[in-house]
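Chemist: Letter by letter, the chains look like this.
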Amino acid sequence: MAVVIGFIPDEYGEAALTAGLEEARRRQTGVVVVNSTKGDALIDKRYVGAEGMSTLEQRLEESGVEHELRQTMGRDIADEILSVASQVDADAIVIGIRHRTPVGKLIMGSVAQKVIIDATCPVVAVKP
Amino acid sequence: MDTLNLLLDGFASAFTLENLLYAAIGVLLGTFVGVLPGIGPAMALALLLPVTYGLDATQALIMFAGIYYGGMYGGSTTSILLNTPGESASVMTAIEGNKMAKKGRAAQALATAAIGSFIAGTIGTLLVAFFTPSIASWAVEIGAPSYFAIMLLSMVLVSSVLGASKLRGFIALAIGLTIGLVGLDASTAQARLTGGYLELADGIDIVVVAVGVFAIGEALWTAAHLRRRPIDVIPVGRPFMGRDDWRRSWAPWLRGTAFGFPFGALPAGGAETPTFLSYITERKLAARRGSADEFGEGAIEGVAGPEAANNASAAGMFVPLLALGLPVTATASILLAAMQKYGIVPGPTLMTDQPDLIWTLLASLLIGNTLLLVINLPLAPLWARLLRIPRPQLYAGILFFACLGAYSVGQSSFDLLLLLLFGGLGFATRRFGIPVLPLILGVILGPLMEVKMREALDLSNGDVSGLFNEPLAIFVYVLVVLAIVVPLLLARFRPSPLLDQHVQREDQEVS
Amino acid sequence: MSEKNVVADQRVDRAQFALAAVLAVVGIYTIIDARGLNVGFGDPIGPRVFPYVIGTAMVVLAVLLAVATARGDVPEAEEGEDVDLTSPPDWLTVAKLVGILVLNILLVNLVGWAITGGLLFAGCAWALGSRTLVRDLLVGFVLSVASWYFFYVGLGVPLSPGILDGIL
Numbered sequence: 039m040a041v042v043i044g045f046i047p048d049e050y051g052e053a054a055l056t057a058g059l060e061e062a063r064r065r066q067t068g069v070v071v072v073n074s075t076k077g078d079a080l081i082d083k084r085y086v087g088a089e090g091m092s093t094l095e096q097r098l099e100e101s102g103v104e105h106e107l108r109q110t111m112g113r114d115i116a117d118e119i120l121s122v123a124s125q126v127d128a129d130a131i132v133i134g135i136r137h138r139t140p141v142g143k144l145i146m147g148s149v150a151q152k153v154i155i156d157a158t159c160p161v162v163a164v165k166p
Numbered sequence: 039m040d041t042l043n044l045l046l047d048g049f050a051s052a053f054t055l056e057n058l059l060y061a062a063i064g065v066l067l068g069t070f071v072g073v074l075p076g077i078g079p080a081m082a083l084a085l086l087l088p089v090t091y092g093l094d095a096t097q098a099l100i101m102f103a104g105i106y107y108g109g110m111y112g113g114s115t116t117s118i119l120l121n122t123p124g125e126s127a128s129v130m131t132a133i134e135g136n137k138m139a140k141k142g143r144a145a146q147a148l149a150t151a152a153i154g155s156f157i158a159g160t161i162g163t164l165l166v167a168f169f170t171p172s173i174a175s176w177a178v179e180i181g182a183p184s185y186f187a188i189m190l191l192s193m194v195l196v197s198s199v200l201g202a203s204k205l206r207g208f209i210a211l212a213i214g215l216t217i218g219l220v221g222l223d224a225s226t227a228q229a230r231l232t233g234g235y236l237e238l239a240d241g242i243d244i245v246v247v248a249v250g251v252f253a254i255g256e257a258l259w260t261a262a263h264l265r266r267r268p269i270d271v272i273p274v275g276r277p278f279m280g281r282d283d284w285r286r287s288w289a290p291w292l293r294g295t296a297f298g299f300p301f302g303a304l305p306a307g308g309a310e311t312p313t314f315l316s317y318i319t320e321r322k323l324a325a326r327r328g329s330a331d332e333f334g335e336g337a338i339e340g341v342a343g344p345e346a347a348n349n350a351s352a353a354g355m356f357v358p359l360l361a362l363g364l365p366v367t368a369t370a371s372i373l374l375a376a377m378q379k380y381g382i383v384p385g386p387t388l389m390t391d392q393p394d395l396i397w398t399l400l401a402s403l404l405i406g407n408t409l410l411l412v413i414n415l416p417l418a419p420l421w422a423r424l425l426r427i428p429r430p431q432l433y434a435g436i437l438f439f440a441c442l443g444a445y446s447v448g449q450s451s452f453d454l455l456l457l458l459l460f461g462g463l464g465f466a467t468r469r470f471g472i473p474v475l476p477l478i479l480g481v482i483l484g485p486l487m488e489v490k491m492r493e494a495l496d497l498s499n500g501d502v503s504g505l506f507n508e509p510l511a512i513f514v515y516v517l518v519v520l521a522i523v524v525p526l527l528l529a530r531f532r533p534s535p536l537l538d539q540h541v542q543r544e545d546q547e548v549s
Numbered sequence: 312m313s314e315k316n317v318v319a320d321q322r323v324d325r326a327q328f329a330l331a332a333v334l335a336v337v338g339i340y341t342i343i344d345a346r347g348l349n350v351g352f353g354d355p356i357g358p359r360v361f362p363y364v365i366g367t368a369m370v371v372l373a374v375l376l377a378v379a380t381a382r383g384d385v386p387e388a389e390e391g392e393d394v395d396l397t398s399p400p401d402w403l404t405v406a407k408l409v410g411i412l413v414l415n416i417l418l419v420n421l422v423g424w425a426i427t428g429g430l431l432f433a434g435c436a437w438a439l440g441s442r443t444l445v446r447d448l449l450v451g452f453v454l455s456v457a458s459w460y461f462f463y464v465g466l467g468v469p470l471s472p473g474i475l476d477g478i479l
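First to last, the protein sequences are chains F, G and U. With my numbering applied, the first sequence corresponds to residues 39 to 166, in that order. With my numbering applied, the second sequence corresponds to residues 39 to 549, in that order. With my numbering applied, the third sequence corresponds to residues 312 to 479, in that order.
The shape of chain F in the complex, shown without the other chains (with noise of 0.2 Å):
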């Protein structure tokens, strides 16, 4: 029993992780943060480095709540959150959420959006 934050180091991932942490102390229970990538790509901003990584386990241990930090790699980001969830049989997923016009999605495609209909437990979408 955990949130699963999906987590991109961008004001987007920042949010979706200060409501994570809220949401979890909320209902007392830890934080699963994923951080995923398709990996079709030589470099993927939204996939945390090594360095990113050091600061965000010790800004997770700041806060006190239990946590785990997953990386993991797969062709749609939102399957794999949603796999992550069902692994920890989550509580609630917490994502980011961005503006996205109906052209804009259609090109793009939506992550949150996919997370949103397909989970099986309550997601909290957040705004910066």
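Just so you know, these hints were derived from the structure itself, not from any lab. Note that this is a predicted model, so its numbers are computed, not measured. Among the hints, a few may not be true.
What the hints assert, rightly or not - Cβ pair distances, simulated, as ranges:
no.	chain 1	residue 1	chain 2	residue 2	range
1	U	R442	F	L107	40 to 46 Å
2	U	L444	F	G87	29 to 35 Å
3	G	W284	U	R325	56 to 62 Å
Cβ atoms here follow ideal geometry from the backbone N, Cα and C, with glycine treated the same way.
Given the structure of chain F, go ahead and fit chains G and U onto it with the hints provided.
Modeler: Just chains G and U now, kept in the frame of chain F:
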């Protein structure tokens, strides 16, 4: 000072607005593909061969020369920022370059690589301009038997010296020669190896072979091993160097150039050996100064030297290409194929038949090299962003342009079928560790070699002695024998030192 | 990495026998094909000699490869920036790509490059794991139409317009 005048004439014809535009396009395009993972300069040139249908020879060669130098530069950028050398020539640059970048000196590493490339490329091209005419005037005298022998030598060297396995080198060569056989025999117009297909009567277009083996083969091979974790990248600003960096860089640049140029001009010389030698030399010299500790921790000399050697050898490649019509690298083979498309006959007479073209090409190499420095230094941060292009779209793009190139040869779907077959061949060569260079060289030089052989034997009325009746030919055959025998003997007396080295290198990579 | 090599060393790479067989067949076919050629009058060499030499060399190399394989010689597959040899090969993706390339071959003269080119790009991106189909189709069609015009106007080569004849 005849050469200088000719070169100035070359500049005069290269310095039109249109030609400068093509040089700039070439340089940008070259850097673009050089930075992109998975595409080397040879593949980029192969993909662009179809433009030869519309451009005239000068413009096409100017653009191709730009792509070539740009591709080399792009390769060094990725190896410094990512520690993933795209080609074997950038391995040495990556060692110190990536260490420098990790210590926050990416800007200086990129700058010394760029300026070193510029200096080495410029000196190298000037050397080409001064050497080529004299070699060419001597080469015109070479008879068919000797020319046959020289081609044989370069094939044997390329097949046996490069790559881990000689057997596979020769297999690649034999495959290439077989592909070169397909089509109508030049003197009797009988179909060979066409299997009755009329589409094959004209032979297999080099565009189809090169694009199939390089582009389709690479895309299929990558598709089979696609997913991997992203690499930590080092952010870059605008490259620049401080006074101290300049002081430490200039001598390695010149020494690197001195190493690189002669090796580039040799068949099978390549860029690996001179970059390695340059790195070793710089390390030794640093030890003498008492600053060897810095090597392995990001010494600027270790970037400046090998990078200059790399580009000087790239320039050296033009000597055999222009003077003898002999390509010694995969990229040179494609350049030669481009010349053949214009009906330019490669060989010792190239320099005397097409002097304008050659001098314009040399002048545009110098221009391209300068443009490279001017355009690319400020653009480095932009190039680094290219690494974020997702592989599906990147390789879909490669496949798209590959099919476009092959289809444009004759607007026939038969060519696309051949392309797919050669893609399969390219995949197999990668799977079985068969080197690509001997294969391409076989396709291009094979038919030429047969012509020379028959010329020589016709003169002697079919007697085999016709191949040996020139002193130069005999001398070259001795070299051929030595090239085959000496490595075998060395292997017998020194039980595979290369293997040990290899294992060591792999261990280092793991750690 | 080195661990994998050790494992591979103990095995014989069977696929190399297949390669050797294919090479031998190609070599023999080259020789047989050359036997069917006529040597013209007054042509001391003729078109046969070169293929004979190459064909024979190919057969010899094939035998050498078979022997080397039986002795435990393994190929050193090519690595690259984008190639991760530690993961097992993904044949499904390769098959999908080949399928799309074949489809392009069948359709290109019928429908025209401006359409098949776009489908080719989007199809390959899809096969390679892209999930943004609409974007890929857009990019693909922009590329294919632009390349059609580039060849037509810039290089003077009319690629097949197919069903868009008259529209382009």
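Chemist: A separate judgement is required for each hint: does it hold in the structure or not?
Modeler: For each hint, the structure was consulted:
As the Cβ distance of R442 of chain U to L107 of chain F is approximately 26 Å, the hint placing it in 40 to 46 Å is violated. For the pair L444 of chain U and G87 of chain F, the supplied restraint of 29 to 35 Å holds, since their beta-carbon distance comes to about 30 Å. A C-beta distance of roughly 57 Å is found between W284 of chain G and R325 of chain U, which places it inside the suggested range of 56 to 62 Å.
In terms of the numbered hints stated before, the structure departs from hint 1 and from no other.
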